[in-house]
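In the order they appear, the protein sequences are chains A and B.
Each residue of the first sequence is one higher than the one before, counting from 1 in our numbering.
Each residue of the second sequence is one higher than the one before, counting from 384 in our numbering.
Wrong hints could be hidden among the right ones.
[Claimed, not checked] Which bits of chain B does chain A cover? Going by a derived footprint, with three or more residues having C-beta under 8 Å, they are:
{"hint": "1", "region": "402 to 414"}
{"hint": "2", "region": "464 to 473"}
{"hint": "3", "region": "525 to 531"}
{"hint": "4", "region": "558 to 569"}
These aren't lab readings, by the way, just hints derived from the structure by calculation.
From the three backbone atoms N, C-alpha and C, an ideal C-beta is built for every residue, glycine too.
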Amino acid sequence: MKCLRVRDEIKAYVDGELGALARWRIARHLARCAECREEEIAMVDLTNKMRMNPQMAAPEGLRERVLQSVRPEPGPAVVRKLWNRPALSMVVSVIIVCAVGAAVIPTFTRTRGSSTELSARENAKAIGVEMRLASPSPPSAKSLGAPAPGGMAPSQAPAPMFMVIKTADLKLEVERFQEAYGEAVSIAGSLGGYVTDSSAETSGPAPSTGRMTIRVPVREFERGVERLSTLGKVREKSVSGEDVTGEVVDLESRLRNKRAEERQYLQIMNRAQRIPDIVTVSSELYRVRGEIEEMEGRLKYLKSAAAMSTINLTIIQKQKPKPAASALGKTWSSALTSLAGTFRSLAAAGIWLLVYSPFWALPIGALLYAKRRSLTAQHSCSD
Amino acid sequence: MLLYLLTMIEPCDERKLVAELRAGRREAFERLLDLYQDKVYGLVHRMVGAADAEDVAQDALVEICNCVGSFRGKSSLGTWVYRVAVNVCLEHRRKRRPELVPLEDDFTEREPDPEADPGRLIVRGEIATEVDRAIHALPELHRDVVILHEMQGLTYQECSVVLGCPVGTVKSRLAKAFVRLRSLLSDYASEGGVAV
Chain A
1 MKCLRVRDEI
11 KAYVDGELGA
21 LARWRIARHL
31 ARCAECREEE
41 IAMVDLTNKM
51 RMNPQMAAPE
61 GLRERVLQSV
71 RPEPGPAVVR
81 KLWNRPALSM
91 VVSVIIVCAV
101 GAAVIPTFTR
111 TRGSSTELSA
121 RENAKAIGVE
131 MRLASPSPPS
141 AKSLGAPAPG
151 GMAPSQAPAP
161 MFMVIKTADL
171 KLEVERFQEA
181 YGEAVSIAGS
191 LGGYVTDSSA
201 ETSGPAPSTG
211 RMTIRVPVRE
221 FERGVERLST
231 LGKVREKSVS
241 GEDVTGEVVD
251 LESRLRNKRA
261 EERQYLQIMN
271 RAQRIPDIVT
281 VSSELYRVRG
291 EIEEMEGRLK
301 YLKSAAAMST
311 INLTIIQKQK
321 PKPAASALGK
331 TWSSALTSLA
341 GTFRSLAAAG
351 IWLLVYSPFW
361 ALPIGALLYA
371 KRRSLTAQHS
381 CSD
Chain B
384 MLLYLLTMIE
394 PCDERKLVAE
404 LRAGRREAFE
414 RLLDLYQDKV
424 YGLVHRMVGA
434 ADAEDVAQDA
444 LVEICNCVGS
454 FRGKSSLGTW
464 VYRVAVNVCL
474 EHRRKRRPEL
484 VPLEDDFTER
494 EPDPEADPGR
504 LIVRGEIATE
514 VDRAIHALPE
524 LHRDVVILHE
534 MQGLTYQECS
544 VVLGCPVGTV
554 KSRLAKAFVR
564 LRSLLSDYAS
574 EGGVAV
């Protein structure tokens, strides 16, 4: 240890403020260096002189003046002192978090329960259970209209039956395309349904695909979807229902009114004598008949669509799986990729350092040079 | 140093004393003054000089008594007391006029008395006076740390808490202060005193 450094530490050594290792090093140096020993002795002597000063006594009356002037401020509350304790703060925080969680989680659970009910309802719908999601719209007053002569009163209209046009879209992945295709046609027939249109496509290495539209009686809809789903792995499945009850009721009501109107025009025609009247009545009859035909057509379509549900089936042949890469292979390739990336990053960093070298190389070089000169200029004695 | 050690209070007594001080008990304040009024006065006397020592010491002790509620126990009560006292002294220094009241005898200009008997200087009181003069000649930063460590007996760690600086800074200032003190007292030593 060099004398210069020892002399910087000698005061702390004398005061006993050094660590064990530093104290041992200095003691070892002092055992070998007479000059530094003299410094130590001088320091001890000077320190003793410093501490020779007697304790000063406070002047008379200071104590009473201080006591008269004391107006102590309120001390810190125990709560604040307790709050400063990290352990207690942590415990309190944990308790608060638990209390908040206990209050929030049950609410969250109830919300999830409602969602579960909704999901169950949707699932029931998906398997074809008819659920009354919306109450059927009552026959509108307009459709009933004012009771015309010869027309039926609303109270005498028949009770509406709920009519829903059900449609399902099903996409299946199958092992053997032809077999599944034929099986689907067979299922349609067994349920009292039929295939309205179909198409199949097979080209080279691409997997075979086929599409068909199946109509089945509404009462067999759920069973049809279920049996078709067993042909392969279901990739997509959606079921929708259009409630046309309101429209049907409305159409029937309007149809009754139109027919009543037609009968009235016919009675007028039988009594008409003049040619202009006959022409006018004929024109009205023609119009009313057109409207009646249009309504009957629409009503027939809706009833037919509600009676026979539609299942749009898509069949895809399963692709042959590619041989999976081994775990070791994946690790090797990812390691190589990472190594290449590391080299690129290092090269980029080196280029940046090289370009900016005038800004960092010169100051560091100057600092090292100055430090080296300083070290060589220091006085040192044998250690 | 021995006097300082004798006046140290046990930690459990310290807590009890602090609790009583916060409760506002007069006996507790009296006990506090018994423990620290002399030491605070000595510190203040050396830091600000004899002229203002009494007033500043009173201010410091009043401040200590009034603010004992803010003592959080992170350090010992004694360290906290010194910290408050030092802050009051530093505030006083900032407020007073720039020109300092000169000593009766400027130590640097003192001419050695060729007829003085060196043996008389060995009297303890005169040594202390010389030491006081030498300390007073130090820069304020060095003087404060010498007063706290050498006169008041605080450790390096306690000095760093009181002065609000790192322990290394305390060590460095003390080392430089003693180099300067040795230079200042070398004249005295050359006249027959003990070698410094």
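Evaluated hints:
Note: the region 402 to 414 of chain B has 7 residues with beta-carbon separation from chain A under 8 Å; the three-residue rule is met and the coverage holds. Using a Cβ-Cβ cut-off of 8 Å, 0 residues of the region 464 to 473 of chain B lie near chain A, which falls short of the minimum of three, so the contact claim is violated. With a cut-off of 8 Å between beta carbons, the region 525 to 531 of chain B has 1 residues touching chain A; three or more are needed, and the interface restraint is violated. Taking a C-beta to C-beta cut-off of 8 Å, the region 558 to 569 of chain B contributes 5 residues in contact with chain A, enough for the three needed, and the coverage statement holds.
Figure legend: structure checked against the earlier numbered hints; hints not met, in rising order: 2, 3.
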